[in-house]
Amino acid sequence: MTEYLLETKGLRKTFGRLAAVAGVSLGLTEGTLAAVIGPNGAGKTTLINLLTGLLTPDTGTVRFKGEDITRVPSHGRVRRGLSRSFQIMNIFPNLTVRQNLLLPALSRRGRNLHAVARLEDETGANAEAEELLREIGLWDHRGARAGALSHGDQRLLELGIAVGTRPKLCFLDEPCAGMNPIERQTVLGLMRKLSGQRRTTFVIVEHDMDVVFSLAERIVVMNHGEVLADGTPAEIRENRVVRETYLGAEV
Amino acid sequence: MGEGPVASPGRRRIVTPGRSAIGGLVLALLLLPLVGGQYAQYVAIQVLILSLFALGFNILFGYTGLLSFGQAGFYAVGAYGCAKLLLLTPSLLFGVVGGTLLAGAAALVLGVLCIRHTRIYFSMLTLAFGMMIFSMALKWRDFTGGDDGLVGIPRAPLEIPGLVSVSMASMGRYYYFVLAVSLVAIAIAYRLVHSPLGLTFQGIRDSEGRMAFTGVSVRTYRLIAFVIAGLYAGLAGALLPALENTVTPPVAHWTTSADPVLATLLGGIQAFAGPIVGAFLYFMIKDVIVRFTEYWLIWLGIIVVVLVMGFRGGVVSLATARWRVHRPGREGA
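Chains as they are written, first to last, in our numbering: chain G, -3 to 247; chain F, 2 to 334.
Isolated chain F (complex conformation) (with noise of 0.2 Å):
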């Protein structure tokens, strides 16, 4: 997060490493559904689903220094509400946004009983409010299906009203659907932590008694911080019901909250990429190892503790260590 020289616009490069790279991920995985076959889509869209998720938790984490392990019962939020939605009104956009829009109210409400804690007081809270949202995903049998979960749930088709309706049936078109939507909120993310806004919450987490002295009420951004990885959580949530016809408890889970923080050490909690990067390596080494293993998460926990104890950056750090080896001019003053 160290920052160069201040460069004066005339002098900025459009082609640089970092965009030639991210334009080439970009250009792969358009390609993706030409190359690859339906399991190869399929995987990709869980990478991007646990990308968002985590991109949203690390905001809350990474850059606001809030660990929550609650994030799964948001998720379970833009879940079960998208999946709702859908089997009310067959509208992929409207189940999509409501289902974000549900698990964003569930967090304001939340956040403002969660955020008045830190630390490890502030993580239990999230974790029992988590199981909450679990056990009535479980036991609320009329709403949720309970332990059946909700089944049947169409890919609906993506309908704007007047304008346009595009059939979703195949996996390849919500493919690319999955794709647009990932590719426009890590945008956003990315545009966020670079504003003002994100160097407001790297401040609370390097020193909030440091922040409310620049005059800054704390607690009102701690909580801006938790509805943004609320949304994220709802967001990737409310991609999985079309994609698995079914929403089922676990997804509410404190085990599902722990994809993302998996995810996010793997990859770094210092980088912007670094979630993306590991919720990739994340499914990477569950497909591997379950080709040798069915103990497959017994191996990604020995890595996870390799990767803390020896590489805390995480693997994008290690990648952007390697590069400043290579290019010590590069230097910032």
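Chain G extracted, bound-state conformation (with noise of 0.2 Å):
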């Protein structure tokens, strides 16, 4: 029986009579780059939600590392090695990108409640958090208030806030959006060498075919709140009622 990292069973969400997502059961295993796309609509983001305990199912079950976390809020699944960015920017704009960076690692220290302690001398948090600002190519940027970055840069300091909670599993929510291609390269590049290093599990929701065909080792098509197709990317690309739906002529 395959063990999976997260695993889901007869996931449902209703908004008034629209079911966004009818009874999702899937299982993500460690170390799979995953990808769920599909049309606008089709549930992709509401699943990712019910997920990341930004929403709570109204049926079913979440499973993280053979834990039920089905009624867990977003914090405590942090705690347990989840972290997600968002599809609308998410990250700390009146802060410095250094500081927006800071917060996870403090987090992961537990540190966030020292009244005492001076900030500089979170000796661990601050190298943490000063690896992460040269990973993500925003050290040059680091005294910049985060608000005043460029759209691209706002979206690779969101993947770094992201990652910064050193996650088992990551789930970004159209982590290319409105990037050139500079730096789309470096965030794919960031996700492939923490998929190696640290071992992160990644899935993103991407409407860049482009994108999820480079990068993904398997994908999950979504389309009325339901699985459509997982597979593969040559098992996607091959499946007819994927293409009519979604895909059309694209790949």
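Do not rely on the hints blindly, as some may be mistaken.
[Stated by the list, open to error] Output of the computed footprint for chain F on chain G, the stretches with three or more beta carbons under 8 Å from beta carbons of chain F: (1) 17 to 25; (2) 86 to 100.
[As the list claims (entries may be wrong)] Residues from chain G shown here face chain F by an in silico Cβ test under 8 Å; the list is partial: (3) Arg67; (4) Val68; (5) Gln83.
[Stated by the list, open to error] Simulated restraints on C-beta separations: (6) Ile189/F x Arg162/G: 31 to 37 Å; (7) Pro177/G x Trp300/F: 54 to 60 Å; (8) Glu63/G x Ile121/F: 36 to 42 Å.
I should point out that these hints are in silico values taken from the structure, not numbers from a laboratory.
This one's a predicted model, so the numbers in the text were calculated from it and none came from an experiment.
By construction, the Cβ of each residue, glycine as well, lies at the ideal position given by its N, Cα and C atoms.
Assembling the complex is the task here: the two chains are given apart, and the hints tell you how they should meet.
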């Protein structure tokens, strides 16, 4: 029997009469770079919101590393090794770039409650934040207000915050949206690096099929809140239903 | 709230313009009783009390992003609590510490209910609870003295049993006591906002959702900020009875909650010193305008409107902006 890092069974979420996620059962294995694709309104972001605790399912369960986390709040899931980025930019705009990355590092060390220590004296967290600053290529902007960064740099920063908690599983909702090719390569390179070095499992929601097919080892196609297809990029490319519903002649 | 390049400890300058200004200000405050009369000392105590009140309010508003309209409730709990304790046992330290802790306890209890909400819902809840405390001050005659309030509160000596007993009968001595308490409280607040806890508050202000996804229980930290603001409001209130020798229900009224809001907006929400500078300006404006018209609040309102519309960062940000214009090379990386 396959041991899943994250497993869902019969996950369902309705808004009024609309079933945004209609009974999704799937398992994610450790180390597999996966992508969730589908047309707008297919239920991709709702599914991620259910898996990360932003929404509570009507029915169904979510298990992470064998533990039932269906009712665990978001911050509790992060402590267990889950993380995410958002479709709409979500950073700390009034803090500096460095402080943005310091927060997950402090949290990982359980230092948020310290009211007497000076931030400069948090050597471990500072070193971790600085390492991440270099990795995402924002070292030169470390003292800048995060809200003043370009769109692409803000996306990179958000990715940095998401991986700053050193997650085992990280969901990225349209991580390359609005990025230029160089920034896109930085994001993809970082994901590959962290996937290899830290064994972080990434799941991306992405509309850019070039990104999806160049990166993902497994693709889940959603439509009308259900899983339409699930397989390797080659299998998805060859799937007639997927081609007709979503991909068309694109790939 | 920007951040410069990471400075090595060895390169830190001992004397900076900021530190010189703070040193000069503290020296001026220490010398005040020697050059100013009783009225100057009385006003200075009022400024210090409002500074503490506004400083706590700004930890909640400026740093955590929660606008409370009910801080006067905790200010009143501190004032009434201290007054009752002073009437019970004539020990200033006992009264002030007791009043402060009572306000903190009230903030903890009401905070559990308030911090479940944000934005206008949070503000309205705090306003409602603040006015409930006002109603208690007004109606619970047996405990609070009702309309008449509590009168004849002694300015009890500062007594540490078996160690020291200092009479606080003169205004000058009480001024030094309030100054010492204020300086310690300001230093604690300064350390707090520059600590990991302070950065966590700022993260919550900027994005609660993002903060939750760094592994932080946002509600818990909102409650901590609420209790800290309650403790500071309580401390400010607890310093009042020994000054006025009386405590009356208006200290709990929502208009008293507006005082720290106005002081913070005047000084600036984005700077640590904003509420302190704002408290000073609030009393200066009041003192100057009241000589020409009794409608001084209208003029204060106009000044606040101009500041909010034109200079959102308040007076402190205006001053720091001018400083940066003259020192362009100091911009951080």
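Consistency of the hints with the structure:
Counting residues of the segment 17 to 25 of chain G whose CB lies closer than 8 Å to any CB of chain F gives 0, which falls below the minimum of 3, so the coverage claim is violated. Check result for the segment 86 to 100 of chain G against chain F: holds, 12 residues qualifying (beta carbon to beta carbon below 8 Å, three or more required). Restraint check, Arg67/G versus chain F: the minimum CB separation of about 15 Å is more than 8 Å; hint violated. Checking Val68/G against chain F by beta carbon gives a least distance of about 12 Å; that is not within 8 Å, so the hint is violated.
For Gln83/G, the shortest C-beta to C-beta distance to chain F is roughly 12 Å, which exceeds 8 Å, and the interface hint is violated. Checked against the given bound of 31 to 37 Å, the beta carbons of Ile189/F and Arg162/G, roughly 33 Å apart, stay inside it. At about 58 Å, the beta-carbon gap between Pro177/G and Trp300/F stays in the expected band of 54 to 60 Å. Hint check: Glu63/G to Ile121/F, Cβ distance near 38 Å, so the stated range 36 to 42 Å holds.
The structure does not agree with the numbered hints 1, 3, 4 and 5 stated previously, though it agrees with the rest.
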